[in-house]
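Colleague: Take a look at the letters that make up each chain.
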Amino acid sequence: MYVVPLFISEGYFTEQVIPRELRLDDWDEEAWDSDGTSATHATLEATDVGKTVHYCGPVGTHDAMSDVIVRRAETVTGDPEVGERLDSPDSRASRAESDGGVGLAVVGHGTERNENSAKAIEYHADRIAERDRFEEVRALFMDEDPEVDDVTDFFDSDDIVVVPLFVADGYHTQEDIPEDMGLTDDYRTGWETPAEVDGHDVWYAGAVGTEALMAEVILERAAEAGADVGNAVETVRRRTRVAGADTGTGAGAGTGD
Amino acid sequence: MTDVNDRQVDALVAAAGGGVDCDGLRVRRGEDGYRFETPDGAETGLDEPALRSVAAENPWFVSNWYYWREIDRPEVETAFLRWLEGADDRSVPDRYEALADGVEASWGELAIEVTLGGDGRRTYAVRHEADADRPVGELEVYADPLSARELVTYDDRGRYRPLKTAPTLQTGWALVDLDGRSLVRAVDVVYPATVTNWHLERQGELDVSHWRETMERQTGIYGVIRTWDRGEGYEHVNWVAEACCDDSQCLKRREWEYDDDTDLDVDGGDGAFPCREPCSLVVAAARQWTKLEGEQPRTYEFELTPSEKEQVEAIIDTVADGEAGDIREADVYEGANRYRARFLRAKRFDEDGRLGGVSTDD
Chain F
55 MYVVPLFISE GYFTEQVIPR ELRLDDWDEE AWDSDGTSAT HATLEATDVG
105 KTVHYCGPVG THDAMSDVIV RRAETVTGDP EVGERLDSPD SRASRAESDG
155 GVGLAVVGHG TERNENSAKA IEYHADRIAE RDRFEEVRAL FMDEDPEVDD
205 VTDFFDSDDI VVVPLFVADG YHTQEDIPED MGLTDDYRTG WETPAEVDGH
255 DVWYAGAVGT EALMAEVILE RAAEAGADVG NAVETVRRRT RVAGADTGTG
305 AGAGTGD
Chain E
4 MTDVNDRQVD ALVAAAGGGV DCDGLRVRRG EDGYRFETPD GAETGLDEPA
54 LRSVAAENPW FVSNWYYWRE IDRPEVETAF LRWLEGADDR SVPDRYEALA
104 DGVEASWGEL AIEVTLGGDG RRTYAVRHEA DADRPVGELE VYADPLSARE
154 LVTYDDRGRY RPLKTAPTLQ TGWALVDLDG RSLVRAVDVV YPATVTNWHL
204 ERQGELDVSH WRETMERQTG IYGVIRTWDR GEGYEHVNWV AEACCDDSQC
254 LKRREWEYDD DTDLDVDGGD GAFPCREPCS LVVAAARQWT KLEGEQPRTY
304 EFELTPSEKE QVEAIIDTVA DGEAGDIREA DVYEGANRYR ARFLRAKRFD
354 EDGRLGGVST DD
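Top line first, the protein sequences correspond to chains F and E. Counting in our numbering, the first sequence runs from 55 upward without gaps. Counting in our numbering, the second sequence runs from 4 upward without gaps.
Take the hints with a grain of salt, since some may be wrong.
[As the list claims (entries may be wrong)] Derived CB-CB ranges, DEER-like:
(1) E/Asp210 / F/Glu198: 36 to 42 Å
(2) E/Gly236 / F/Arg167: 55 to 61 Å
(3) E/Glu143 / F/Asp234: 18 to 24 Å
[What the hints assert, rightly or not] Here are the computed lysine to aspartate or glutamate pairs in the DMTMM-like style, where the Cα-Cα straight-line distance is at most 20 Å:
(4) F/Lys105 / E/Asp355
(5) F/Lys105 / E/Glu258
(6) F/Lys173 / E/Glu204
(7) E/Lys167 / E/Glu258
(8) E/Lys167 / F/Asp207
(9) F/Lys173 / E/Glu78
[Unchecked claim] A short list of chain F residues far from chain E (calculated; beta carbon distances all over 10 Å):
(10) Val57
(11) Gln70
(12) Val71
(13) Glu84
(14) Gly90
(15) Val103
(16) Ala183
(17) Asp197
(18) Pro200
(19) Val221
(20) Asp239
(21) Arg242
(22) Ala266
(23) Ala281
(24) Thr289
(25) Arg293
If you are wondering where the hints come from, they were derived from the structure by calculation, not from laboratory data. Ideal Cβ placement from N, Cα and C applies to all residues, glycine included.
Start from the sequences and build out the full structure, keeping to the hints where you can.
Modeller: And the structure:
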């Protein structure tokens, strides 16, 4: 059995609650041998049901998650090349692009209680920054500094795409963060996309976990732990491609770094 | 098309060497040829053409065997699909006659209909039991079992359903033309893990985790719940079960008790599928009750008329039964009517919202 936690970071739930509930008696946190974002999988016995469980790291720390964040930026702007430099040969004019470039904010929950929570967010922000696609990339948080409330303070770019690294839409992504960022005074009345905040156009994406490409990350985790997933990864990439994107390499899903 | 197709007969001939035994059909190859037996009688000493001919004369038995034994499916699926059509209780001819008109089964709020397609293939359709008598044309029709995911998130009033087995499934839809695999997937989307746990229970292998052991393994913010068990009885758990696990709140049949030796006094319900441990909603609510129940009772003095006392009881009953929204403005004879409640508040609360002007704390 392959178990892939649909969680953003390594922490209390992935390291204590899930192994406990699965009765993985021999589990301990060392089994992942992780630096906080590097867990791949551990193989254990669920003694109560007599099954071998390949317990994978959370989806949120997988490298492919960087691609999902970028994909999310593409879907919310409706622009498969969002952030691409104007001088790149095959770029096209796009709605979200202007002379000021496009900034990307990756937003995490953050908590002072576990440093791994922020690490996962910073990990992807760094990886995406290294691709040199967006003008600026920042990791921001709800419950620690730098805070998402001040999102526009951290960007020079005219357009800012905000992608919350959350698994599901709920209180934080649909009520808290939109109000904190000043997209709206009252979440119940909704907000514009993009919304103008302090002279910037803020494109708020909602939880990255609702992006269809998330399925790929789950499959990658299982496959890397040894599961035979057939051609499912290819199928997911094909089916989730953003309309208008170039065929083939698409958003760089699974390629590069 | 005949009722029994060549592929099924080929398969029967191939399987006869190892022996076939399914729902009254017995076929085997002996030294003196094939033997073909149904509850109506046996034919022996058959050569292969004769076997094929006898098989073709018994299309129901042959296609029934083929459907149950030659289609690759997990044991749990087979058990569930057979249960739906009463395969262990009714003879093949009985069942085929019934299936021609459609056999109805119930699973939670789902009404599942089994009908017979060509060559003994079963076709399944699912809808809300409240829609059982509505023409399909009035319903939103789906063929993909995964589309059920769209149907289970919100109730008919658009409210999120945190508990998938709550009796609040939305109405107005039908999933049709499903094969066995798709049906089981659809049921699993609507009521996750219920088929598996039902099957485990039938095999005597359901691993029940009772209240005590479940609460003792909680950690983090839920770790506090274990302090609610003080070795002074289990009345508090009776109240939890009555509040959360009654059939009016959850369609699972509660099989967990206080502990291995101590049954709760509250009925577990009549659901088809079992509940094997206090669920996360019970745990979350129990955390709140653990905090609230740490308080000691005290005596307050209020004045109420007899009718007002009964009105307070009516309001609590109405909210607890989820019926507050059903009481109309004109129903002023109902204690939980909005005007009646507003009148009571106007009369008995002070400007700080305190009942009878009595302070909670002093």
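Colleague: Hint by hint, say whether it matches the structure.
Modeller: Against the structure, the hints:
Range check, E/Asp210 to F/Glu198: Cβ separation about 41 Å, and the 36 to 42 Å hint holds. For E/Gly236 and F/Arg167, the hinted distance range of 55 to 61 Å is not satisfied, since their beta carbons lie about 36 Å from each other. The hinted range of 18 to 24 Å is not satisfied by E/Glu143 and F/Asp234, whose Cβ atoms lie roughly 38 Å apart. About 60 Å separates the Cα atoms of F/Lys105 and E/Asp355, which puts this hinted pair outside 20 Å; it is violated.
Straight-line distance between C-alpha atoms of F/Lys105 and E/Glu258 comes to about 24 Å, which puts the hinted pair past the 20 Å bound. Simply put, F/Lys173 and E/Glu204 have alpha-carbon atoms about 44 Å apart, too far for the 20 Å limit, and the pair is violated. Pair hint E/Lys167 plus E/Glu258 holds up; C-alpha atoms about 18 Å apart against a cutoff of 20 Å. Restraint check for E/Lys167 and F/Asp207: not satisfied, since their Cα atoms lie roughly 43 Å apart, outside the 20 Å limit.
Straight-line distance between C-alpha atoms of F/Lys173 and E/Glu78 comes to about 44 Å, which puts the hinted pair past the 20 Å bound. Even its closest Cβ contact with chain E, about 15 Å, leaves F/Val57 beyond 10 Å, as expected for a residue assigned away from the interface. For F/Gln70, the shortest C-beta to C-beta distance to chain E comes to about 6 Å, within the 10 Å cut-off, and the non-interface label is violated. A Cβ of chain E approaches the Cβ of F/Val71 within 10 Å, the least distance being about 7 Å, so the stated non-interface status is violated.
No beta-carbon of chain E is positioned within 10 Å of the beta-carbon of F/Glu84; the least distance is around 19 Å. F/Gly90, annotated as away from the interface, keeps every beta carbon of chain E farther than 10 Å; the closest lies near 19 Å. With a closest Cβ-Cβ approach of about 8 Å to chain E, F/Val103 is found to fall inside the 10 Å limit, against its non-interface label. For F/Ala183, the shortest C-beta to C-beta distance to chain E comes to about 34 Å, beyond the 10 Å cut-off, and the non-interface label holds.
For F/Asp197, the requirement that its beta carbon stay farther than 10 Å from each beta carbon of chain E is met, with the minimum near 16 Å. Every C-beta of chain E lies more than 10 Å from that of F/Pro200, the closest at about 27 Å, which supports listing it as non-interface. In this structure F/Val221 is separated from chain E by more than 10 Å, as the shortest Cβ-Cβ distance comes to about 15 Å. Remark: the non-interface label on F/Asp239 is consistent with the geometry, its nearest Cβ contact in chain E lying 24 Å away (cut-off 10 Å).
At the 10 Å boundary, the C-beta of F/Arg242 stays outside the reach of chain E, the nearest C-beta of that chain being 14 Å off. For F/Ala266, the condition that its CB be more than 10 Å from all CB atoms of chain E holds, with the nearest at approximately 13 Å. With a minimum CB-CB distance of about 18 Å to chain E, F/Ala281 clears the 10 Å threshold, and the non-interface call stands. At the 10 Å boundary, the C-beta of F/Thr289 stays outside the reach of chain E, the nearest C-beta of that chain being 15 Å off.
With a least CB separation of 13 Å from chain E, F/Arg293 remains clear of the 10 Å interface cut-off, as annotated.
Against the hints set out earlier in the document, violations occur for numbers 2, 3, 4, 5, 6, 8, 9, 11, 12, 15.
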